[in-house]
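Q: Here are the chains, one letter per residue:
Number of protein chains: 2
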Amino acid sequence: MDTKLLDVATGKVPADAVIANGKIVNVYTGEIYDGGVAICGNTIAAVGDVDYCIGEGTTVTDAGGNYITPGFIDAHIHPESSDLSIRPFAEAVLAHGTTSIMTDLHEIGVVSGLEGIEAIIEENEITDLNMYFVVPSHVPFSPMLETSGGAFNAEIIKKALEREDAIGISEVVGHYILAGFPDLMESLDTVKASGQIAAGHLPDMKGPAMNACLAAGVSNDHEALDGPEIVERMRGGCCAMLRESSAARTLADQVKYVVESGVDTTYASIVSDDLHCIDLARTGHLDHHIKVALEAGLPFVKAIQMVTLNAARAFELERSIGGLAPGKRADVNIVAGDTAETFEVKSTWAAGKQVLDNGELLVHYPVAEHKPCILNTCTLLNPITPDSFKIAAPEGASKVKVKCMDTLPWIPITQPREVELACVDGYVQCDVAQDVLYIAQVERYGKNGNVGKAFMGGFHLASGAIASSVGHDNHNIIVMGTNFEDMAVAVNHLVDIQGGQCFVENGEVVKDIPYPVCGLLSDLSCEELAAEKDELNAALAARGCIIPITCMFLSFICLAALPTLAITDHGFINVLTMQIEDPILEVVE
Amino acid sequence: MDTKLLDVATGKVPADAVIANGKIVNVYTGEIYDGGVAICGNTIAAVGDVDYCIGEGTTVTDAGGNYITPGFIDAHIHPESSDLSIRPFAEAVLAHGTTSIMTDLHEIGVVSGLEGIEAIIEENEITDLNMYFVVPSHVPFSPMLETSGGAFNAEIIKKALEREDAIGISEVVGHYILAGFPDLMESLDTVKASGQIAAGHLPDMKGPAMNACLAAGVSNDHEALDGPEIVERMRGGCCAMLRESSAARTLADQVKYVVESGVDTTYASIVSDDLHCIDLARTGHLDHHIKVALEAGLPFVKAIQMVTLNAARAFELERSIGGLAPGKRADVNIVAGDTAETFEVKSTWAAGKQVLDNGELLVHYPVAEHKPCILNTCTLLNPITPDSFKIAAPEGASKVKVKCMDTLPWIPITQPREVELACVDGYVQCDVAQDVLYIAQVERYGKNGNVGKAFMGGFHLASGAIASSVGHDNHNIIVMGTNFEDMAVAVNHLVDIQGGQCFVENGEVVKDIPYPVCGLLSDLSCEELAAEKDELNAALAARGCIIPITCMFLSFICLAALPTLAITDHGFINVLTMQIEDPILEVVE
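Line order of the protein sequences matches chains W and B. Be aware that the first sequence starts at 170, since it is given in the working numbering, and climbs by one per residue. Be aware that the second sequence starts at 170, since it is given in the working numbering, and climbs by one per residue.
None of these hints come from the bench; they were simulated from the model. Since the model is a prediction, treat every value here as computed from it, not as a measurement. A few of these clues could be false.
For chains that are exact copies, the list does not tell them apart, and a pair is met inside one copy or across any two.
Pairs of lysine-lysine residues, derived as DSS-like cross-links and limited to a Cα-Cα distance of at most 25 Å, are as follows [to be verified]:
| no. | residue 1 | residue 2 |
| --- | --- | --- |
| 1 | K361 | K181 |
| 2 | K328 | K361 |
| 3 | K540 | K327 |
| 4 | K622 | K568 |
| 5 | K327 | K361 |
| 6 | K375 | K192 |
| 7 | K173 | K375 |
| 8 | K375 | K540 |
| 9 | K522 | K181 |
| 10 | K192 | K572 |
| 11 | K361 | K522 |
| 12 | K361 | K173 |
| 13 | K572 | K540 |
| 14 | K375 | K181 |
| 15 | K328 | K570 |
| 16 | K460 | K192 |
| 17 | K522 | K192 |
| 18 | K515 | K181 |
| 19 | K568 | K460 |
Whole structure, please, built from the sequences with the hints as guidance.
A: Following this line, the structure appears as structure tokens:
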């Protein structure tokens, strides 16, 4: 028992810090009233009238009549989607008032397994970001359809769940429940027995299918697309996560529906899932999401509840975080404004330590000395040459009909398009005029030398090749180009720099961004990386590319779980049938 | 994994039971909509449109357009206060739609220790009542001021917390936190480490004192007296339990305040704490409390939430019970009416088994074969005679001023009254005309033969003596009378029958009710026991007694924790100073 904490609470001993003269946003009662917060060490000792806690040695901060809220919680985020190492990521989100995240570090697991995840968790330990570990329930997503570096089975999941910071399993796939995948079923039993949480990944689950997922023990989900899907989850006692990710901006519509339907919002939180470093640097994190929600009509207190108490509830952590009350972790924000126009996080305390002061970040963490298990993760079994990417035409054909996959412009969901392509020297040719490019994924763990090949549309890139070692859910090297030579240079360059992203044109590297950690993460600051990304994206836009966050979209084109088509190192995937397809449909001439 | 459950959810296999054609009260969203509930074994498989779950072998119940709610949960009740053995208690509460309780079986622990509690839990196993065990945090309440049969220290509490049905510790006393009682502090650390709940007993805790209790980890409390105290607890993230007990009817006022203040009621539940068998037989359980709450202005859905989801939340059990959703325990009520006048539980399912059908209880449990550890618990070290109760007057005194304790008529809280009493043959005499009776508590565990003695007012009993082996928090034999002879007969009779209650007049037992289990519980049914109690109370009322539930009030007069005075086997207790006092203040003549 922390007896000093009790002594501060009773007023026997002065608080370490007091935030005074604010308006308490009480997420438990939904009230707002004048008051302050008294802190002892990393814990809140008193809330409301806290003048009695001020004494010798107490650091007093005047909230200036602004709101005092709990620190924000993102209950479903993959920090890797920012392409930032965990320390600059922590700096970036703390600067926006986020003090806790729940994350599976799934991408790290895909490349470097549990050992890699544990290395990242260790790197985070010196930061002030409170990171809960939700153990990946499957690594990779589709073991039969892709090659990954790390792989999880029920035994590894069980071992990971025994970590003190482990709070459950992540991304429990609805279709896998319906199919009764043995490792998943075993892991669901494990978390049920331990009282931990099964976090869902339940796109398209409705009615009976959703009933089965809930019956299997899934108690939260972030994959609802629209308002009715959000409400269906809430009705089932499933903590519904309204999502505003860099790849799918669905929050405003979801909020509007929830507000109009008048449902109790206790079971609704707001998450970002995948947050690009440019969004994080320029737009913000949950502070931005609150603005979107306010703009969409959500009352202020309910918006705050959705990024604090309700987010904690999604993992049964209400007794530790998510509210301003004695005994809770001292995660506190001072916030100005309660409208979309005026809302702003001014100052932040994380576990009792002030990390943000009137907009100025007070913490800067040193670049981590990365463990070997998360470095040098790109190994080619066979050399990559232009020939590696060629798709052979049927003998004698001069023109073929192929199934090209096109991404939607606003979300990286793919749809088939039938096109006719010429064949030259026995190989099918791309056709920039028709917006049909080569796309391939190159296995990079030195395991089998696979190269999956297909045709891609929707980006409108007119020349060169873009490559990236970030590709869900295997993080092999994805490369898309208008010619084989540039594609080969790009892939080989990424192997040379051990991961990252690059654009190559006429055999020259126009722009590259190294990702030394797992080929996924940069050690730059969020601002610096955003500037690098701008440069890369500008080079692509100058060549006609219409997708602003090209590499993030590409990373989802590899995901054999996202409808309706995908490319992995195994080949061209029909996501609906889970089969590998030949992109060539028929000979035309 | 229960694969049949998933198959029922998806519609592959028919449900065991379907409750159809109802109005679902969805406690998660606060909505009411048409639908039904499909059950597989002891678990809900589907909610809403469940027609697809009906097939060969499905038992279909037509809800007749009535409401379908989750089974009710009493998150703080001492079954022993009904004076019923656990099986008739289970029958009685199931008949009113209560399917789960959280209880510490503290009274059993006081008499027979953890072994006794475990015997009762085992007796309950054949019933359909879902009983969670909240380990008593102190047995007895005041070890320095009373003698008990069982006693708990931190080690026993830790052992008990390892039971699978243990969900936390109970009745964590605010003043003991402030005093830093070592066993309690250790137990609070234990539950914090295990993620279990610390349930409070926080009367009079306000401001800094309440902050300290919350900081110590207490996360629910049932001791708020009025509305402002309820809201203070909720503001602190503490699950506030609005209480309607047979000894303290405070629910209506608390509800009115909560409704008027407009606070979010997520953190409010309704409990009964101590429920007398007469109330249980004639008035009901939580179904009655709902009526009180509706009458006081609480909206229907919020009232249902307070006896279901919110009650589950007080112990972080929302993922198991408290709502109608796939995967939850199939505890379901069909309810008619949504007003104080019309509300009625018609039918009930507990863990998928129908136990109540249109008001008719379908289950009748056999009387338990009680384990020896909970039988024959009354042993006197020394014989009790009329002399045992005499209070010696100061030498030569013919009249003394004494401090008499008077109970309030509506709650067994005592207040001092100074009275002058005559002394005869060297002993102070009671004075029926002034409503001053003898009261004593006789140690009954054969440990020390203590007899504590004092003077009692407020009951207005005019002749005879009433004795009971139920007396918080030690359950020694409490006896109150107008003369020593009847008092001695009464106590000796209770020892002869090994516990119970009796009224004696002119040396004859007018009425007795045996309590074979721990001297606390009867094996009669609730109706039968209520009839017996009526007879006893009528005998007392015929002799002028104005307290309708005399023995329940007497049981609290022994409680050295309830202000301001008490009687234990150690003597006359000043609860505020925790000291034993001499009831004789001064010699008058």
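Q: Now, for every hint given, state plainly whether the structure supports it.
A: Here is how each hint holds up against the structure:
no.: 1; hint: K361 to K181; in the structure: between (43 Å within a copy, 24 Å between copies)
no.: 2; hint: K328 to K361; in the structure: both (15 Å within a copy, 22 Å between copies)
no.: 3; hint: K540 to K327; in the structure: within (24 Å within a copy, 40 Å between copies)
no.: 4; hint: K622 to K568; in the structure: within (18 Å within a copy, 109 Å between copies)
no.: 5; hint: K327 to K361; in the structure: both (12 Å within a copy, 23 Å between copies)
no.: 6; hint: K375 to K192; in the structure: between (41 Å within a copy, 21 Å between copies)
no.: 7; hint: K173 to K375; in the structure: between (51 Å within a copy, 19 Å between copies)
no.: 8; hint: K375 to K540; in the structure: neither (43 Å within a copy, 51 Å between copies)
no.: 9; hint: K522 to K181; in the structure: within (22 Å within a copy, 55 Å between copies)
no.: 10; hint: K192 to K572; in the structure: neither (59 Å within a copy, 50 Å between copies)
no.: 11; hint: K361 to K522; in the structure: between (35 Å within a copy, 23 Å between copies)
no.: 12; hint: K361 to K173; in the structure: between (36 Å within a copy, 17 Å between copies)
no.: 13; hint: K572 to K540; in the structure: neither (43 Å within a copy, 76 Å between copies)
no.: 14; hint: K375 to K181; in the structure: between (56 Å within a copy, 16 Å between copies)
no.: 15; hint: K328 to K570; in the structure: neither (49 Å within a copy, 72 Å between copies)
no.: 16; hint: K460 to K192; in the structure: within (19 Å within a copy, 37 Å between copies)
no.: 17; hint: K522 to K192; in the structure: within (20 Å within a copy, 50 Å between copies)
no.: 18; hint: K515 to K181; in the structure: neither (31 Å within a copy, 55 Å between copies)
no.: 19; hint: K568 to K460; in the structure: neither (52 Å within a copy, 79 Å between copies)
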